[in-house]
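Asker: Residue numbers (this note's numbering), protein chains in the order written: chain Z, 57 to 353; chain B, 57 to 353; chain P, 173 to 400; chain H, 173 to 400.
Derived from the structure by calculation, the hints contain no laboratory data.
Backbone N, C-alpha and C define an ideal beta-carbon position, used for all residues, glycine too.
Fair warning: there could be bad hints in the mix.
[What the hints assert, rightly or not] Pairwise CB distance ranges, derived in the manner of DEER restraints:
1. H/K350 <-> P/S240: 41 to 51 Å
2. H/H308 <-> Z/G300: 39 to 49 Å
3. P/D354 <-> H/N185: 31 to 41 Å
4. P/L175 <-> H/K393: 44 to 54 Å
5. H/Q309 <-> Z/G300: 53 to 63 Å
6. P/N327 <-> B/V353: 16 to 26 Å
[Said to hold, decoys possible] For lysine to aspartate or glutamate, the following DMTMM-like pairs were computed, each having C-alpha atoms within a straight-line distance of at most 25 Å:
7. Z/K222 <-> Z/D189
8. B/K349 <-> P/E245
9. Z/K162 <-> B/E203
10. Z/K60 <-> H/E270
11. Z/K162 <-> B/D124
12. B/K140 <-> B/E118
13. Z/K162 <-> B/D271
14. Z/K153 <-> Z/E137
[Said to hold, decoys possible] From the derived model, a few chain Z residues whose C-beta atoms are all more than 10 Å from chain B:
15. A91
16. K141
17. E158
18. V198
19. S202
20. E260
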Amino acid sequence: MVMKFRTIRYCLKEGFTSIWTNRLMSLASIGTVLACLIIFGMFLLFSVNLNYIGAQVQEQWEIKVFIDEKIPSHEIPIIGEQIKKIKYIKACTLETKEQALENYKKQLGEDAYILEGFDEFNPLRDSYNINLDDIRYADQVVQQLSEIPGIAKVKNHKEFVDRLLKVTEFVRMASLWIMLLLACIAVFIISNTIKLAVFARRKEINIMKFVGATDWFIRWPFIIEGMLIGLIGALISLLLVGYGYDYILKLIYQSMNIFKLRSFSEIFEALAFIFISFGISIGAVGSAISIRKYLRV
Amino acid sequence: MVMKFRTIRYCLKEGFTSIWTNRLMSLASIGTVLACLIIFGMFLLFSVNLNYIGAQVQEQWEIKVFIDEKIPSHEIPIIGEQIKKIKYIKACTLETKEQALENYKKQLGEDAYILEGFDEFNPLRDSYNINLDDIRYADQVVQQLSEIPGIAKVKNHKEFVDRLLKVTEFVRMASLWIMLLLACIAVFIISNTIKLAVFARRKEINIMKFVGATDWFIRWPFIIEGMLIGLIGALISLLLVGYGYDYILKLIYQSMNIFKLRSFSEIFEALAFIFISFGISIGAVGSAISIRKYLRV
Amino acid sequence: MILLTNISKTYSNGTIALNGINLYIGKGEFAFIVGPSGAGKSTLIKLLMREEVPTSGNIIINNFNLNSLRRREVPYLRRSMGIVFQDFRLLPNKTVYENVAFAMQIIEASPKEIRRQVPYLLGLVGLSNKAKMYPHQLSGGEQQRVALARALINNPAVLIADEPTGNLDPDTAWDIVKLMHDINKRGTTVVMATHAKEIVNSMKKRVIALENGIIVRDEEKGVYGYEI
Amino acid sequence: MILLTNISKTYSNGTIALNGINLYIGKGEFAFIVGPSGAGKSTLIKLLMREEVPTSGNIIINNFNLNSLRRREVPYLRRSMGIVFQDFRLLPNKTVYENVAFAMQIIEASPKEIRRQVPYLLGLVGLSNKAKMYPHQLSGGEQQRVALARALINNPAVLIADEPTGNLDPDTAWDIVKLMHDINKRGTTVVMATHAKEIVNSMKKRVIALENGIIVRDEEKGVYGYEI
Ligand SMILES: Nc1ncnc2c1ncn2[C@@H]1O[C@H](COP(=O)(O)OP(=O)(O)OP(=O)(O)O)[C@@H](O)[C@H]1O
Ligand SMILES: Nc1ncnc2c1ncn2[C@@H]1O[C@H](COP(=O)(O)OP(=O)(O)OP(=O)(O)O)[C@@H](O)[C@H]1O
Ligand SMILES: [Mg+2]
Ligand SMILES: [Mg+2]
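Isolated chain Z, as found in the complex:
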């Protein structure tokens, strides 16, 4: 339907002034959008970071292949080359048997003296430590590794990998579902609030219809009002969640420093996009749907 410019201006003006005229309802709606987005945002950040930590754990995990003692040391790099050709392998570093012994000693800590006798005759083997792009390809990679000649043994911690895979996948799926659930709940609560706010103005909508206004003429100011309310709620929550996250990041880094977390700047843009589009669209759609009922006169 084509609108004259004056009507567009009317709808805009009406939508804006209406927020002020219906202060109580606007505040309640903005507050609700705000509250829902804060919960949603908290969880979003939480799950983003869980995933991030999962990725870091994966990164630190490695497959170890032991080189046969019979292989002369100048051929070891050749095996390294062969390993690097395998798909999904990200990094592959040599650990000589001397380094390995040192590591064992470190592992035993105060009891390292029991390994002292081995310094002269080292019974350990040279090995490659391999990092993967993705822990899920471990089985496949191990299969290919064991086919390379000169590799005596592949230590792949199969059980550990499987368990880690399961945990990661579980966290990923769970956070996805919870996010979805939270988004649904947020939509539900916000649309509830809008419905009530529109309900309080049902007479007004009716009257407009009785005077001869078309559905769209009545609807547009409400939609604009809804969008504006959503936008305001989104902006405030963005501010709160953003600064809150920044604050909590600092708090966490002060108290412990095991894993890296996503920095504020890394997530801000995505967060802003999600919040603002979410706020505006639910505001607009919620208003449009809620007034439908009262337009039928």
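Starting from the known structure of chain Z, arrange chains B, P and H with the ligands on it as the hints suggest.
Answerer: Chains B, P and H with the ligands in isolation, oriented as in the chain Z frame:
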């Protein structure tokens, strides 16, 4: 103020029928209570289990004290007795040097052969493994342990303890704060919704006042209505959260089984208490506060 | 008994609705308040029932001194009078029967008494067959009669009515005014703001004429007095 | 031009408000609809503006056939008539000025025209000084006049008024009726439901008398006809 029985009956009847008369608003309010309690409940269960897991981690952690080689083996139990007398110690089990060697071999796994020479002459020492009531008392206990004669060395993994302590404390505090924040947000959203619902009926409240009804006569039906809405919302959310938790528990136990989680029956009573008291009180208080403004005529 | 001394009312937007009103209406009197649209009739009534507070002056009704009236005493003031509002003010979610019964419930009347009184009054205003309807299902005149039934149900000492015949045809209007006359005969003070010229002229009761917030005329056995 | 053939209206609760109405009101006519409270006058008007749909029968207004009218054409039907509602139906959040201007905004009139027309009509109904007030700040009669100004602002082909003088003193009522008479003289069809006996009797216009949902009388140059 004293009420006649007929008035109490009127208020009750009025509160109940009003929920049906104002279906839209009741549904919106119940839905909002429901949604908020679901989010709140999810977090509550999450944080309860995080704490539970933290406790399990602590439980598995132990202090190791090594007995001086010079102590004759019949005196070792005496040292054990002395250890058990220390406050905060929950359990204390002997690990002989033979067992220790076995454990080392297990730890080295496939490389255990390097320890084979030690079977005849075991260089390790007997030790006691000690579990604490609470990891926070570790420093204190270690101090007392090192004063016991005959103990050569106390291995307390100081760093690990500190880190674990920090993580546990952080999770505990964070989940407490998030719970508090969520509770506030829930109260805010629910009271917003009630405010709007009452707003839609402001004329009605006004009229009652103009006809000569006292504040309490108007207020009670609203309070009863609010309590009922809160109760219904609480019961439904209890059902959903309860069954949801049961379902997710099964899902988790299927896919991984590292830690025990709180069983449904363990938390149900507390959850029911929190939900129902929360729902009813916010419903009652929210209504009472929201109508105040419209009683001033 | 109603006594207004030096009452003025200026609304917050500056409109002077009443300007120095002095008025005494004795117990058992029947008084019409007349005047052009916007003269201040409804404002006067709103002051009596304390919907609005006067800017200056003092009001005494039925032994209630409105200047020293505490907030929690207001309901008892209102119960001492029956009021018919110009905009009816019926509870939208209650039926006709429930609307009238409500006025008895607030004074904690016994259910038995309620079951006796309400149908009686609905019969008086001619709405027995509409008892189960909701206000929005009634015609304008029917709503006005429900409002009257509610105002009368507790046998108030003072009956105040703001245009109780505004939405009624002359026949029904006369029935209503006769009803109010009967009630007045039984000792109830009646104050009625109205535009119904014929009724005022035939009743030969006291007429208080307001114009621009001032009493311009106050006659016993007066007439409407505005010529067409 | 208004044509009703065999119109009946039974509300969902069983009330028969109209029962077989046949009525023709030609272009440029001035017709009063009279009848006791609950006779069906407002129902008739609600059918004309399609607030209610008849249970049976057909209505044609200004070339709109209401039986085949689609939902999205309803606004255009309503724009072709100006309506004064018994309960005013002013927008509570808009001032008097904005309420009247709103009726022009919906037909996308130019701001210049709005600024010219609205003050002119507020002057006609005597409310120039109340332009910035909100409906709840007006007396009953003032609200009624705002409703009339809104109904007239778009020069409708038909003006339908449900008791436009119900809350007015006789003087103001006469001003309003004269205004409607002038508008009728300029070609607008006027249909007016009313209880104002004197006005009907002096105007000597067509009178349609309803009783219990039936037209009991339809006279050119008629009188109110209900004796007191
Ligand atoms: N709440 C208010 N705020 C501001 N002005 C008001 C308010 N209520 C009434 N007024 C103004 O006070 C004046 C008197 O109003 P009131 O309602 O007392 O008139 P009235 O005599 O009852 O008229 P009517 O016969 O039309 O009902 C009017 O000019 C009106 O506009
Ligand atoms: N929405 C409704 N539902 C049920 N019954 C209704 C509804 N609206 C009106 N009625 C009934 O229909 C009948 C006619 O009502 P209507 O409003 O047309 O009367 P009216 O002639 O305008 O009366 P008044 O002069 O009192 O305004 C009345 O008995 C009324 O109770
Ligand atoms: Mg008035
Ligand atoms: Mg009517």
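Asker: Z/K222 and Z/D189: Cα distance at most 25 Å?
Answerer: Between Z/K222 and Z/D189 the Cα gap is close to 17 Å, so the pair holds against 25 Å.
Asker: Holds or violated: B/K140 with B/E118, Cα cutoff 25 Å?
Answerer: holds (14 Å)
Asker: Does the Cβ-Cβ separation between P/L175 and H/K393 fall within 44 to 54 Å?
Answerer: Holds - the Cβ-Cβ distance for P/L175 and H/K393, about 51 Å, lies within 44 to 54 Å.
Asker: Holds or violated: are the alpha carbons of B/K349 and P/E245 at most 25 Å from each other?
Answerer: Holds, at roughly 18 Å.
Asker: Is Z/E158 truly not at the interface, in the sense that its beta carbon sits beyond 10 Å from all beta carbons of chain B?
Answerer: Label holds. Min Cβ-Cβ 14 Å, cutoff 10 Å.
Asker: Holds or violated: Z/K162 with B/D271, Cα cutoff 25 Å?
Answerer: violated (77 Å)
Asker: Cβ-Cβ distance between H/Q309 and Z/G300: within 53 to 63 Å?
Answerer: Distance hint for H/Q309, Z/G300 is violated at roughly 45 Å.
Asker: Compute the least Cβ-Cβ separation between Z/S202 and chain B, then decide whether it is above 10 Å.
Answerer: The claim stands: Z/S202 keeps its Cβ more than 10 Å from every Cβ of chain B (closest is about 15 Å).
Asker: Within a Cα-Cα threshold of 25 Å, do Z/K162 and B/D124 meet the stated pairing?
Answerer: Satisfied, since the Cα-Cα distance of roughly 23 Å is no more than 25 Å.
Asker: Does the Cβ distance between P/D354 and H/N185 fall inside 31 to 41 Å?
Answerer: The hinted range 31 to 41 Å holds for P/D354 and H/N185, with Cβ atoms some 32 Å apart.
Asker: Can the suggested window of 39 to 49 Å be confirmed for the beta-carbon pair H/H308 and Z/G300?
Answerer: holds (43 Å)
Asker: I want to verify a distance hint. Is the separation of the beta carbons of P/N327 and B/V353 within 16 to 26 Å?
Answerer: holds (24 Å)
Violated hints, in rising order: 5, 9, 13, 15; the structure is consistent with all others.
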